[in-house]
Structures are given as C-alpha cells and as structure tokens.
Amino acid sequence: MTTMPNARRAALKLVTAASLALSIAACSSTPDQLAGGAGGSGGNRYGAGGYGAGGAGGPATPGSARDFAVNVGDRVFFESDSSDLTSTAVATLDRQAQWLQRYSSHSFVVEGHADERGTREYNYSLGARRAQTVRDYLASRGVPSSRIRTVSYGKERPVAVCNDISCWSQNRRAVTALEGGNS
Amino acid sequence: MKRLPLRLLAAALAALVAVPTLAPPVRAELYIDVRRGNFQPIPIAIADFGGDGEMAPKLAGIIAANLSRSGYFQVLDRGRFPENPSFNAAPNFGAWKGTGAQGLVVGRVTRDASGRLRAEFRLWDLMAGQQIVGQQYGTDANSWRRVAHIISDAVFSKITGVGGFFDTRIAFVDETGPKERRRKRLAVMDQDGANVRYLTPGDSAVVSPRYSPATQDIAYMSQPEGRQPRVSVINLETGARRVVGDFNDMTSSPRFSPDGRRLLIALQDGGNTNIHVMDLASKGTTRLTNSGAIDTSPSYSPDGSQIVFESDRGGKQQIYVMGADGSGQRRISFGDGSYSQPAWSPRGDLIAFTKQRPGGFAIGVMRPDGSNERLLAEGFHFEGPTWAPNGQYIVAFQDPGGQSGGKLRMIDVTGRVNIALPTPSFASDPTWSPLLGGGRAGQ
Chain V
17 MTTMPNARRA ALKLVTAASL ALSIAACSST PDQLAGGAGG SGGNRYGAGG YGAGGAGGPA
77 TPGSARDFAV NVGDRVFFES DSSDLTSTAV ATLDRQAQWL QRYSSHSFVV EGHADERGTR
137 EYNYSLGARR AQTVRDYLAS RGVPSSRIRT VSYGKERPVA VCNDISCWSQ NRRAVTALEG
197 GNS
Chain W
27 MKRLPLRLLA AALAALVAVP TLAPPVRAEL YIDVRRGNFQ PIPIAIADFG GDGEMAPKLA
87 GIIAANLSRS GYFQVLDRGR FPENPSFNAA PNFGAWKGTG AQGLVVGRVT RDASGRLRAE
147 FRLWDLMAGQ QIVGQQYGTD ANSWRRVAHI ISDAVFSKIT GVGGFFDTRI AFVDETGPKE
207 RRRKRLAVMD QDGANVRYLT PGDSAVVSPR YSPATQDIAY MSQPEGRQPR VSVINLETGA
267 RRVVGDFNDM TSSPRFSPDG RRLLIALQDG GNTNIHVMDL ASKGTTRLTN SGAIDTSPSY
327 SPDGSQIVFE SDRGGKQQIY VMGADGSGQR RISFGDGSYS QPAWSPRGDL IAFTKQRPGG
387 FAIGVMRPDG SNERLLAEGF HFEGPTWAPN GQYIVAFQDP GGQSGGKLRM IDVTGRVNIA
447 LPTPSFASDP TWSPLLGGGR AGQ
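Protein chains in written order, with my numbering: chain V, 17 to 199; chain W, 27 to 469.
Take these hints with a grain of salt, some might be off.
Claimed, not checked - Residues from chain V shown here face chain W by an in silico Cβ test under 8 Å; the list is partial: (1) T135; (2) R136; (3) E137; (4) Y138; (5) Y140; (6) L142; (7) V167; (8) V175; (9) V177; (10) C178; (11) N179.
Said to hold, decoys possible - Which bits of chain V does chain W cover? Going by a derived footprint, with three or more residues having C-beta under 8 Å, they are: (12) 122–134; (13) 143–149.
Calculated directly from the structure, the hints in this document are not laboratory data. Think of the CB as a built atom: it goes at the ideal place given N, C-alpha and C, for glycine as much as any other residue.
Pulled out of the complex, with its shape left as it was, chain V reads as follows (with noise of 0.2 Å):
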C-alpha cells in the first residue's frame, strides 16, 4: 500500500469539506488516483467483496458494482485497534454516499474486517465496531440506513495473507459491498 503525498492529504480533506457542493462528474476525475492511494486498486484485485452485482472484472458501467469499486473506491481502512475514520476514509465515504444516492436502487452491505494481529472473539467486535461506523457515516450523509446492511468477518477472511504490517494494514478493512437493485 503505498503512502499518499501530504499534497494530495491536504486536497482530500479540501474535498471533503466541500462534498456535498461538488458534482457526481467533477468526482469522478479524481477518484482514479484515489482509489489506487487508498485500496491498492483493491476493486480490481479483490472484488466488491464477493457481493458485487455487476462483479469486478464486468465493464465499469456507470451505476455498476464495479464503477463503484474502480471509480467510487469500495473499501476504506483503518488503523490498528481503531475504528476511527482517517482523512482518506471520510473522502472515500463521500464518494460513496454521493454515488450511492445517484444509483438509490442499490441496497448494501458493510462488512467489517479486522487483521490477524488480534484475538478471534474480540476481532468480530472490532469488525462489527468498524462496520457500525461507515454505516453511521454514510446514514449522516443522507443515504437512508434502511439500504444497509452489516456484517462482521472479525479476522477470518484476510485479503492479503502475510505476517507484517504490508498485509496487515490490508486488513483493516470496512468493504461497502452492492448486494441488489439495478446496475
């Protein structure tokens, strides 16, 4: 995963703050980048989760499970025993709530993930934690939290299977998966 320029932190959090003023096509200029910054184009390598309607790998249809991964960004990431949301997941959970209140026939889930460097009974914990968070947040950027779903893997499905920190920070995960509606 590689580390975002302090520039560009600095331009997401200006993104940020004025989000709900941009336009779905002004957005879409930029997440390209982001979604590589943040995922390690996680959308391309790994899927929308196993949920995804259009799956990746489909074309990036607008309004497609995998417009939402590659151009949305499906995952944000947090830091170790934290479910606190970084600068980088509230910009991608912006996008994610404008893209999710353009295509309003999807229904999601969040799925909560922890990495291996915890015990089992309290990583599903953390993983729930992880995922009551984006949906708190993404319910607080007006996308109606009848249409989510959560669920906690705790830290049994890794993505990236290693023992350091390369992996690790992988892990930590909270997936927003497209499980139904037109795409």
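Place chain W on chain V using the hints.
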C-alpha cells in the same frame, strides 16, 4: 499372593461403571506434588495386559502414551522389565528395584460372548511393596479406548493427587483451504487425537466452540456466507443444531454456566458489544455489562458466582471480574500489553488468558485477584486457552502466520509441558470437555 483386594463388579446396563477397591487408601511413597514445577517425572512401568490377545496390548499402549504425554511420568522401556508381571500375583518387588520404576500397572481384559469388555487393573507401589488401587470396568466393546483413558485417570490421580483428564474430548475448529477463504468446521476428538469426528458440514464458518458441563452440547459461533455470526448450539447425540435467541445483531463468544442452565453471550449493540446471560429454559436474557465498549469472552468461576471477561473500556483489551449479576466490575490485569480470552480454571485457583505484546502472543495464568501472573507459552501467535477438567493442563492454539494455520498445543500450569496435539488439518479454538464419566474415575 492369595487374595488381592479387588472387588468384582456385576455390571448391569451401565456403560461404564467402576467399583473402587476396599483396600485402605495408601499414599506412601508413590506420590508427586505437581502443583509446583520442581519435581522429577515418576518412573512407572506399564505391563501388557493379560487376557484378550487383541485388546490387551492396545490398552497398555494407550495408558503408557497418556501417562508419558502428561509430562509427569517416565514410562519404563519394556526391555528393562525384570519379569513379565501377572495380574493375579504380586510382583517380585526385589527384582524391580534395579529398574528405578516406582509404580507398576498390570491389568487384564476379557470379552464375553456378547462382546462386552471387562477390564481390570492394579497399580502397585514398588517401593512400599503394596497395591494402592485396583478397579474393574465393564463396557461395550466400542468404548475400549475409554476404558484405557479411565484407567489412566485412576493412575494419574492416585499418584498426583490431581483429578484425571484423559477420559475427555477436545472440540476444535478444523480449518482447511486458503487463508482468504478458509473452511471452518466444528470437529471433536478424544484428548489424545483419536476418533476425530466432524460435527458441521462447513456450510457456515464455525468458531469459538464451548462445551456444556454435561458434555451433551457445544455452543459456538456460526456464520453463514454473507450473514451475521450467531451463537448456536449443537446436540452431540442427535446432531441437531439451533440458533440461540432471536437477536437482530451479531451474537458471539458463548460460555455455559457451571450448572449448564445459563449461557453467557456477547451481543452487539451498534458499535459496542455487551455481555448478556440467557436462561436456557425460559430464553429470558439479562444484560450484564453496558460500558460503551467491547466486552466479550466471558467465563464463569466454577461456583458460578463470578464472571471474568475482557473489555477495551479503558482503551485496550484488559481482563475484568464481576459478580454473576454484573455487579462490582473491576479490572484485574495490569501488566504490560493487552489481555484477552480469560478462562476460569475448573479448580478455581487460576485464570488463564491470552496476552499480546509488540513482540508476540503468550498464554499465561494469574490468580483471580490478578496477582502472580505467569506466562506459560509464547509465540508469534498464540491464543484461545481452554482448561482440562482437572485445572492442571491448558490447550491453546499456535499459528505461525501466513498461509499456514493453527495447531493445538497442550501446556501445563507448571510451565514444563508444552507439546503438540495431533489434528488432521489446521486447528483452532479448542474447548476441553469435562470428564466424560462425570468424574467417577480419579476421585
């Protein structure tokens, strides 16, 4: 020797019945105090059993393997036996002196026309020159391994003064497939790794199994694909599985009360997790914690009056104790690092836990007031302690990380035993059953 103090038993329909000898209890020289770590394993000889030519060597072999694996016995090599001891005659005590063996187990097993087994054994104190226990068991032929375990328990407990633990099973999570999408099935085996059975088909991921005190049920977390994990219970006789309670959110980390009537569960409440207790008959549920944090991994004290659990209410995972009604919650872990997965010893004297520090994981024990913390085993990843019914041994799982997976290890409270338990595949989340015979053996 004419009359040995062994009483015969007219076993009727009971599956496994033991009648203890009428001889007065002797605890002369054949005794070790295993509550401290500074003892030498007892040299002991396990003679081949007489009687049924097929069963006899198997029984002796299992007994020898059990006692050896316990770490408290040094089993004498058969080649050093000075005689082939008979079941119905006293050993030649003088001849055994040169071998160093302090105890001798002899036995006999027969099968009647209906296939029922009758197994008898005697434990001789070779130094004192007397029999210290002799028992007979009747059972159906399918339970022959259990007979060997029950005899092992009788020998173990007579010499150590600690209850037996061989006539038990260990349930665990069997793990196969790549780590990203690992298949997790509930499995159970005898404590020595024999008789592995798979209890769930793998359609749902299963973690955190916990035995009921009557050994009839196992509670566990079950997660169907794409759905919230739910605490479920499987009946080991019928195989019937049912979800416990009707909750909207995730339920996790079950643990039975010592009387089996209640089940502790951790219930998700938004971003928090709180510990609740469910009365299994009425299904009535009571909240015990409400700290705005993650409270999980509860475990009862053996008398049921207290509960130990973990919470991150203070910022990171630490161990807390409260009354069974949730009263008087207080932190007991204060060392460096974080503490989790507390498990109260069936003996009541210790709480086992998982500890995480920057350098790795450890399994340790502390007293219920948090004092006398001792680490028993350390590794890159080590978690999930569960107690043997005698409170002397712990099984946990160690994982080297990467695409590898967990393997079970048995540890004892003195820190001198740390051995692998065999499993067919990767294994995690062990839960140790109570004594299957309800504790008759080894009392």
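Inset, instruction - Answer holds if the nearest beta-carbon of chain W is closer than 8 Å to that of E137 (chain V); otherwise answer violated. - result: Interface hint status for E137 (chain V): holds (4 Å vs cutoff 8 Å).
Inset, instruction - For the hint on R136 (chain V), just tell me whether its beta-carbon gets within less than 8 Å of chain W. - result: holds (6 Å)
Inset, instruction - Check, residue by residue, whether the region 143–149 of chain V contains three or more positions whose beta-carbon lies closer than 8 Å to a beta-carbon of chain W, and give the verdict. - result: holds (count 4)
Inset, instruction - Would you check whether Y138 (chain V) satisfies its interface hint, that is, whether its CB is within less than 8 Å of any CB in chain W? - result: holds (6 Å)
Legend entry - Satisfaction of the C178 (chain V) interface hint, Cβ to chain W closer than 8 Å: Given a least distance of 6 Å, the restraint on C178 (chain V) holds.
Legend entry - Restraint satisfaction for T135 (chain V) [CB to CB of chain W, less than 8 Å]: holds (4 Å)
Legend entry - chain W contact restraint for V177 (chain V) - C-beta distance below 8 Å: OK, holds: V177 (chain V) within 8 Å of chain W, min 5 Å.
Legend entry - Restraint outcome when V175 (chain V) is required to lie within 8 Å of chain W by C-beta distance: holds (6 Å)
Inset, instruction - Would you settle whether the hint for Y140 (chain V) is holds or violated, based on the nearest Cβ-Cβ distance to chain W being less than 8 Å? - result: Given a least distance of 5 Å, the restraint on Y140 (chain V) holds.
Legend entry - Evaluation of the interface hint that places L142 (chain V) against chain W, nearest CB under 8 Å: holds (7 Å)
Inset, instruction - Mind taking a look at whether chain W covers the region 122–134 of chain V? Criterion is 3 or more residues with CB to CB distance under 8 Å. - result: It holds, with 4 qualifying residues against the three required.
Legend entry - Closest C-beta approach of N179 (chain V) to chain W relative to 8 Å, hint status: holds (4 Å)
Hint compliance for this structure: no hint is broken.
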